[in-house]
Amino acid sequence: MKTGAKLIMDGLKAEGVKTIFGLPGGAVLDIFAELYHSDFEFILTRHEQGATHMADGYARATGKTGCCIVTSGPGATNAVTGLATAYMDGIPMVCLSGQVPSSMIGNDAFQEADTTGITRAVTKHNYLVHNVDDLPRIIAEAFHIARTGKPGPVLIDIPKDVQRSASNAVRPKNMDYLRGYRPSMDGHPKQVAKLAEAINKAQKPLLYVGGGVIASGAAADLTRLARKAHIPVTTTLLGLGAFPETDPLALRMLGMHGSAAANKAVSECDLLISVGARFDDRVTGKISEFAPHALKAHIDIDPSAIDKSVIIDIPVVGDAARILPLLIPQVKTLKRSGWLNQIKQWQEQYPLAYDTQTTQLLPQYVIEQIYEVTRGNAVIVTEVGQHQMWAAHFFKYTKPRTFISSGGLGTMGFGLPAAIGVQAALRDATVVDIGGDGSTQMNIQELVVAVEHDLPINVVILNNGYLGMVRQWQEMFYKSEYSATHLGGKKAGRGKPPAYLPDFVKIAEAHGALGMRLTQKNEVAPALRKAIRSKRPCVVECIVKENENVYPMVPPGASLTEMIHSMA
Amino acid sequence: MKKHVITASVENHPGVLARIVGIISGRGYNIETLNVAPTQDPQVSRLTMQVPGDERVLEQVTKQLNKMVDVIKVTDLTQKRYLNRELVLVEVNAPSGKRAELIALADVFDARVVSVQKKSLTIQMVAERERVGDFLDLLRPYTIIDVSRSGVIAVARAD
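The listed protein sequences correspond, in order, to chains A and B.
According to the working numbering, the first sequence is numbered sequentially starting from 3.
According to the working numbering, the second sequence is numbered sequentially starting from 3.
No lab work stands behind these hints, which were simulated from the structure alone.
No experiment lies behind these values; they were computed from the predicted model shown.
All residues carry an ideal CB built from backbone N, CA and C; glycine is no exception.
Honestly, I wouldn't trust all of these hints.
In the EDC-like style, the derived pairs of lysine to aspartate or glutamate whose C-alpha atoms are separated by at most 20 Å in a straight line are [unchecked claim]:
(1) A:Lys-310 <-> B:Asp-78
(2) A:Lys-310 <-> B:Glu-61
(3) A:Lys-8 <-> A:Asp-41
(4) B:Lys-65 <-> A:Asp-188
(5) B:Lys-69 <-> A:Asp-178
(6) B:Lys-75 <-> A:Asp-41
(7) B:Lys-75 <-> A:Asp-178
(8) B:Lys-69 <-> A:Asp-188
(9) A:Lys-547 <-> A:Asp-357
(10) B:Lys-100 <-> B:Asp-112
(11) B:Lys-82 <-> B:Asp-112
(12) A:Lys-310 <-> B:Asp-112
(13) A:Lys-66 <-> A:Asp-41
(14) A:Lys-523 <-> A:Asp-357
(15) B:Lys-65 <-> A:Asp-309
Derived list of chain B stretches under chain A, where covered just means 3 residues or more per stretch with a C-beta under 8 Å from a C-beta of chain A [unchecked claim]:
(16) 16-27
(17) 70-84
Construct the complete structure from the given sequences, taking the supplied hints into account.
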C-alpha cells in the first residue's frame, strides 16, 4: 500500500518529470513531505503565477510537459492566469493543486476554493480526485491529455485526505479506454491530395504558419515544403522560428503588427495554406477582407479550429508532422518567378525599419544588438507589449522554440518567470527575457529564484516610462490622452521625486542579481556581452525613447491593406 | 434564431454537465430544455438539449463539445431526420362545471388524466414538443396551477 502522496511522486516519475515548480501550503503538506525524499529538482517560486509561467516556459523550450504544484484556495487562484496563458497557446502542462479534506469541501473551509469550477474554462481538462484508488490513473490520463492532440494544461485537484490515504492501485497500461478522447492524427489522404493539387495549380500560394508547427515538431518538414514548391512563408507571433527568417522566402510576421510584405502577400495570394495557426483576430484584421482572392486551406490538429472565423475550402485535420510528409512528394517544384519577384519587391520596398541615424537610444536598436551580440544564438523570451512586437521584428528567428511569448492571452508578467523555466530546462543556453518596465514589474519577485538556482537569465528592460502599447493606442485612437499609462514618475505629493521609479538596478541588486542601467547606444553591446559572460542573472535596464511606436500597424477592425507606417 | 436539438453521449463522471453547460452559456446562449439520463451502458449518459442559436456558432459549439475528454459523441439532430418527445405533467384548475370539457380536450390530444383533486385535474401528456406547447396554450384559459415538462428527448431516425 502506498499513500496518495507517494502515488503522486511515482506517477510524476513515470511520466518523466524531472523539474517541478511550485509553492507549498497547508493543503499540499503531505505531497511536500514526500517531495522531501524524492530526487525531483524542485524550484520554489515566490508566487504561484510564477510557478505556472515557469512550467510553461520549460514546456515551450523543450516540448516536454511542464509540471507545477500549488496549494488550495489562493494558491490555486494565483495559478489561474498561468493556466489560461498555457491554454490559449496550447502548451502542455500539468498543475497539481491541493484541496481541503473531502469532508470539508463546500463548507467554506479555510483556504478553500472550487478549483475545478474556477479552472474549467482555462484548462484542457481537470480532475477533482475523490478516491485515492483513482490517483495513478488520473495522473497518467492528465499527462496523456496535456501532451497529445492540441496540447494544453490539465489540473488535478487533490484533497488532503486523498493524499494521506493508501491504495494498491497501479497506472493503466494504455489510454485506449478513453473513448471520448481520440485526437485525429493522420490527415485524410484525399484531403492531402486535394491540397497538393491546389498548390500545384496556384500561381500565388502563401504559407501562413502558426505555433502548431512548432508544437508538432514539423518545422523541418514545413521548410522542405516551402523550399521545394517555392512558397513564401509568413508566420504568426507563436510561429516565429518555425521557418528560418534568414531565408528569402520568409516574409516575417503577419497581422496587426506584421510586416507590410506579409500583409500584402496575404491580401494578394490566390492560395493561403494555414498550418497550425488559428486565424486569430490579431492576424486577420477585418475578417471579410482577409485574403480576399485566396482559396483557403487549413491543416490543424484541432477540428474546432476549422471554419471558426474564416471559412475553409480545403480542411485537413491532423498532426502537421504526419500530414506534411504525405504532402511534400505530391507537390511540384514550380518556379513561380512572377510571384516571388513581387514578394521580393515588397520586401525591399517595406523592410521592418526604424530610425538608425538618431543618437537617442531606441528600443529597436537594443533588440538588434541582442541579435548581433548573440549572433542569433539565444532563446528570446518576452513580456507583452511594444517590446514584444519589436522583439518579433528585429531579431531573426531561425529555429523552433527560440521565441517564447504569451500570444493568445497576452499575459504581462509572463516573460521573467518563463525565462527562468526556459533556463531551468536549457542550462547552457543564452536566455534573454525582453520586457517593458510595466510588465517586468508584474512578476519581478521571481528574480530571486534565478539567483537561488544559478539560472543566468538576462532580463533586458526597455524602459520607456509607460505602459507603452496602451500609450500608443491612446496616442493613435484616444486623442493622446494618456490616461493611467505613465509609469516611473512621481508627479504629486511631498518630497523630491526619485530619479528612477522603480530603480531596477537596485531591485536587481536587492535580489542578488547583477543590475545595469544604459542610456546611450554605445553602451548596449558591451553591457550585453558583460551580462552574458557573467553567467549570473542580470537585469539590463535600457532607458529608451518614451514615445516610440510600433509600426506598421493595422488599426483594430481594419483590413490588412490599411496599414499605418508612421504617425507622420 | 432556429432551435437546435443537440444530443451527446457522455461519460457518467462528475463535472461533465457543468463543462458542457459552460461552453454553451459562455457563448451567451440559453439552454431552453435539458435532459440527462443513463443509457444501456451505465457508464454512459445521454444528454439532450434544446438551444436556440445561430447555425455557425452552434456548429462551432458542437465541435468544441466533441473535443471534450468526457464527451463521447455529439450530434446536432436538427441537421438530420429525428424523432422528439416531451413529457408534461400539468395541474389545471377544474371546477366541477369545467371537468368534462377538460377531459374531452385531453382526449383530443391523447393526454391522460392521472389524478383528480377537489378543484383540479392533473394531466399527463407525451408528444412532440410543438404539440405539448399547443396543448398547454389551450389549457391556459382554465388557469394552470402547476406544470412540469421533461424537456425534449430525441433520437435520430435511420433512413
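TODO: Starting from the hint list further up, note which numbers the structure goes against and sort them upward.
DONE: Violated hints (numbers, rising): 6, 11 and 12; every other hint is consistent with the structure.
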